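Peer 1: So the chains spell out like this:
2 protein chains.
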Amino acid sequence: MTSETVMEIGEDALIGRVTDGLWTGDGVVIGPGDDCAVVKASGSDWWNLLKTDAVVEGVHFLQETDSEKVGWKAMARVVSDIGAMGGAPLFALVTLMVPKTCEVAYVEGLYAGLKRCAERFGVSVVGGETTSGPVVMISVALTGRVRPRFCVRRDGAKAGDAIYVTGRLGGSIRGHHLTFEPRAEQGRWLAENFKPHAMMDLSDGLAKDLPRMGRVSGGLGCVLDEERLPVNEGCSVDEALNDGEDYELLLAVSPRRQMRLEEAWRERFPELELTCIGKFFKGTDKMPLEKSSGGWDHFSS
Amino acid sequence: MTSETVMEIGEDALIGRVTDGLWTGDGVVIGPGDDCAVVKASGSDWWNLLKTDAVVEGVHFLQETDSEKVGWKAMARVVSDIGAMGGAPLFALVTLMVPKTCEVAYVEGLYAGLKRCAERFGVSVVGGETTSGPVVMISVALTGRVRPRFCVRRDGAKAGDAIYVTGRLGGSIRGHHLTFEPRAEQGRWLAENFKPHAMMDLSDGLAKDLPRMGRVSGGLGCVLDEERLPVNEGCSVDEALNDGEDYELLLAVSPRRQMRLEEAWRERFPELELTCIGKFFKGTDKMPLEKSSGGWDHFSS
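Residue numbers (UniProt numbering), protein chains in the order written: chain R, 1 to 301; chain C, 1 to 301.
One thing to keep in mind: the hints can contain errors.
Claimed, not checked - Listed next, the in silico DSBU-like pairs over lysine-lysine satisfying Cα-Cα at most 35 Å (straight line):
{"no.": "1", "chain 1": "C", "residue 1": "Lys-282", "chain 2": "R", "residue 2": "Lys-40"}
{"no.": "2", "chain 1": "R", "residue 1": "Lys-40", "chain 2": "C", "residue 2": "Lys-279"}
{"no.": "3", "chain 1": "R", "residue 1": "Lys-279", "chain 2": "R", "residue 2": "Lys-195"}
{"no.": "4", "chain 1": "C", "residue 1": "Lys-195", "chain 2": "R", "residue 2": "Lys-100"}
Said to hold, decoys possible - Computed beta-carbon distance windows for the label pairs:
{"no.": "5", "chain 1": "R", "residue 1": "Thr-179", "chain 2": "C", "residue 2": "Ser-3", "range": "23 to 31 Å"}
{"no.": "6", "chain 1": "R", "residue 1": "Gly-175", "chain 2": "C", "residue 2": "Arg-174", "range": "47 to 55 Å"}
{"no.": "7", "chain 1": "R", "residue 1": "Cys-276", "chain 2": "C", "residue 2": "Gly-175", "range": "31 to 39 Å"}
{"no.": "8", "chain 1": "C", "residue 1": "Gly-160", "chain 2": "R", "residue 2": "Thr-101", "range": "40 to 48 Å"}
{"no.": "9", "chain 1": "R", "residue 1": "Val-237", "chain 2": "C", "residue 2": "Gly-16", "range": "43 to 51 Å"}
{"no.": "10", "chain 1": "R", "residue 1": "Gly-218", "chain 2": "C", "residue 2": "Trp-23", "range": "37 to 45 Å"}
{"no.": "11", "chain 1": "C", "residue 1": "Glu-119", "chain 2": "R", "residue 2": "Val-237", "range": "23 to 31 Å"}
{"no.": "12", "chain 1": "R", "residue 1": "Thr-179", "chain 2": "C", "residue 2": "Pro-230", "range": "52 to 60 Å"}
Hints in this document: simulated from the structure, not taken from any laboratory. Since the structure is predicted, the reported quantities are computational estimates derived from the model, not experimental observations. For every residue, glycine included, the Cβ atom is placed at its ideal position computed from N, Cα and C.
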């Protein structure tokens with residue numbers, strides 16, 4: 001037994017320790033560690049995607065935040081994860097914890113945001129539950145589906161792959177983290193048309209998520225072209241690297257497909273940028289971001 | 001806009017209000033309101049069951065409670081719901097909120113309990129997440145599967161049906177609520193062999209859950225034979241009716257099947273009681289429990 005706290009060991013170490021030795025039955029394609037879990041559907045040639053994610057008052061939003069936006073965010077985060085695997089979202093369950101003294105109108109606002117996002121992305125909210133608790137917390141569990149050949153993992157990047165991101169990064173704390181559009185349609189389109197070697201959504205900041213992708217892809221390093229980094233207006237490169245909650249897609253693409261991808265993307269999504277920001281290399285010597293202390297850890301002080 | 005609080009309108013009214021007007025896409029068999037949501041599996045003749053449930057420190061367990069038991073309870077609650085639909089549990093996602101100062105050993109205890117229950121009932125834990133927050137909260141999202149012909153809803157009771165419960169009721173607060181065995185195997189056996197007209201698990205107390213089953217089954221009333229109520233040792237009838245968190249199965253069975261059911265049950269589950277406690281009637285005039293103020297509401301003061 002140890003008296004270490006979760007803050008001392010950090011989120012990644014905690015997850016590693018508690019998921020160690022998990023029993024796994026039949027039908028699990030991808031367990032803990034990717035954007036979604038992937039399981040085989042009984043008697044079907046589809047795979048099911050499973051994802052859950054929670055937003056907590058005081059951690060992911062403030063008490064005074066418009067509850068409609070909080071609801072949108074709670075649903076949009078999981079929709080983003082389904083898209084990052086190349087899948088389509090389907091069914092959601094909503095767990096809501098609110099203090100007993102919470103106003104009904106506040107809760108109605110939360111659900112209005114949840115419903116708006118769900119409808120926009122074709123998600124049926126099929127259940128959930130409410131409980132009391134000291135702060136507001138919404139956890140959304142979402143299922144999706146994907147054809148096995150279109151399922152994109154985060155650990156398949158190869159040395160030489162070009163690294164792309166959608167949209168622009170940084171400064172999400174100024175409001176974007178509450179109103180972002182999950183890249184579900186884009187993720188699915190990318191998977192079905194260009195099957196990236198690896199894909200994930202950027203939730204903890206590029207400085208943390210990019211090395212993560214390299215690490216799980218057999219220990220790849222990367223070079224990042226900071227001058228090409230698509231930075232949101234008013235943001236520094238440092239903020240674009242470290243702010244987190246961008247919810248843009250990060251993907252690794254074979255260099256042979258770059259030109260075709262860029263052309264097709266411009267045609268299909270003319271209003272959204274897709275930028276090549278660097279390259280994966282063999283070996284972790286080229287890992288400029290690895291030394292950064294940036295990115296988001298839920299248990300850091 | 002209203003300034004009512006959730007405590008003032010109560011849990012049922014709150015759920016009714018926020019789930020009103022939910023958009024529903026294809027494939028939803030049963031939406032909010034039953035033990036689980038039921039959805040069609042893409043390209044398969046199975047149905048999928050979806051359930052999520054949270055336990056919160058200070059609401060469902062105390063800070064000093066052995067965390068291994070808390071973990072067991074969190075998983076056992078959702079396993080119980082899958083069983084109450086006649087299904088088999090499959091894949092779980094675990095959302096864990098803990099304070100930053102929480103000891104790692106406490107979290108390892110939670111997971112030890114979760115894993116023990118998962119393994120016992122054949123559940124693969126395939127993912128989840130951790131976040132910080134002011135108290136400990138575990139939410140488990142669980143999928144299951146059921147053949148359409150064996151899926152048992154809670155709203156199918158018919159006038160004249162015999163009402164049964166498994167096990168004994170009452171006094172769960174003295175420890176049973178942390179260590180109970182979900183009746184997953186029993187629920188599936190009942191569904192596959194005797195297809196009850198309606199089934200649910202008892203979480204809020206018989207005084208609340210039995211009228212609920214009658215109400216959703218087209219507004220049935222019931223008579224309850226209090227003398228036959230299987231009461232746990234040391235409990236009063238009142239406690240057996242109102243304590244909640246029994247996690248026993250409540251089911252409605254055609255009177256023609258009673259004798260065969262009771263015989264087969266004794267053979268199959270000799271160590272667990274199955275007791276006929278009353279009967280459903282047409283019309284709500286016979287609803288002795290409806291007037292009771294008992295049962296559990298998460299937002300009552």
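Peer 1: For each hint, tell me whether it holds in the structure or not.
Peer 2: A quick look at each hint next to the structure:
1. Our distance criterion of 35 Å between C-alpha atoms is broken by Lys-282(C) and Lys-40(R), whose separation comes to about 44 Å.
2. For the suggested pair Lys-40(R) and Lys-279(C), the alpha carbons sit about 42 Å apart, so the restraint of at most 35 Å is broken.
3. The hinted pair formed by Lys-279(R) and Lys-195(R) meets the criterion: a straight-line CA distance of about 17 Å does not exceed 35 Å.
4. As the CA atoms of Lys-195(C) and Lys-100(R) are separated by approximately 39 Å, the hinted pair breaks the 35 Å bound.
5. Checking the proposed 23 to 31 Å range against Thr-179(R) and Ser-3(C) shows it holds: the Cβ atoms sit about 26 Å from each other.
6. Our hint of 47 to 55 Å for Gly-175(R) and Arg-174(C) holds, since their Cβ atoms are close to 50 Å apart.
7. Evaluation of the 31 to 39 Å hint for Cys-276(R) and Gly-175(C) yields a failure: the beta carbon distance comes to about 60 Å.
8. A C-beta distance of roughly 45 Å is found between Gly-160(C) and Thr-101(R), which places it inside the suggested range of 40 to 48 Å.
9. The beta-carbon spacing between Val-237(R) and Gly-16(C), approximately 50 Å, falls within the hinted interval of 43 to 51 Å.
10. Judged by the Cβ atoms, the range 37 to 45 Å given for Gly-218(R) and Trp-23(C) holds: they are separated by roughly 42 Å.
11. At roughly 48 Å, the beta-carbon separation of Glu-119(C) and Val-237(R) lies outside the given 23 to 31 Å, and the hint is violated.
12. One distance hint, 52 to 60 Å for the beta-carbon pair Thr-179(R) and Pro-230(C), holds here, with the actual separation near 54 Å.
Violated hints, in rising order: 1, 2, 4, 7, 11; the structure is consistent with all others.
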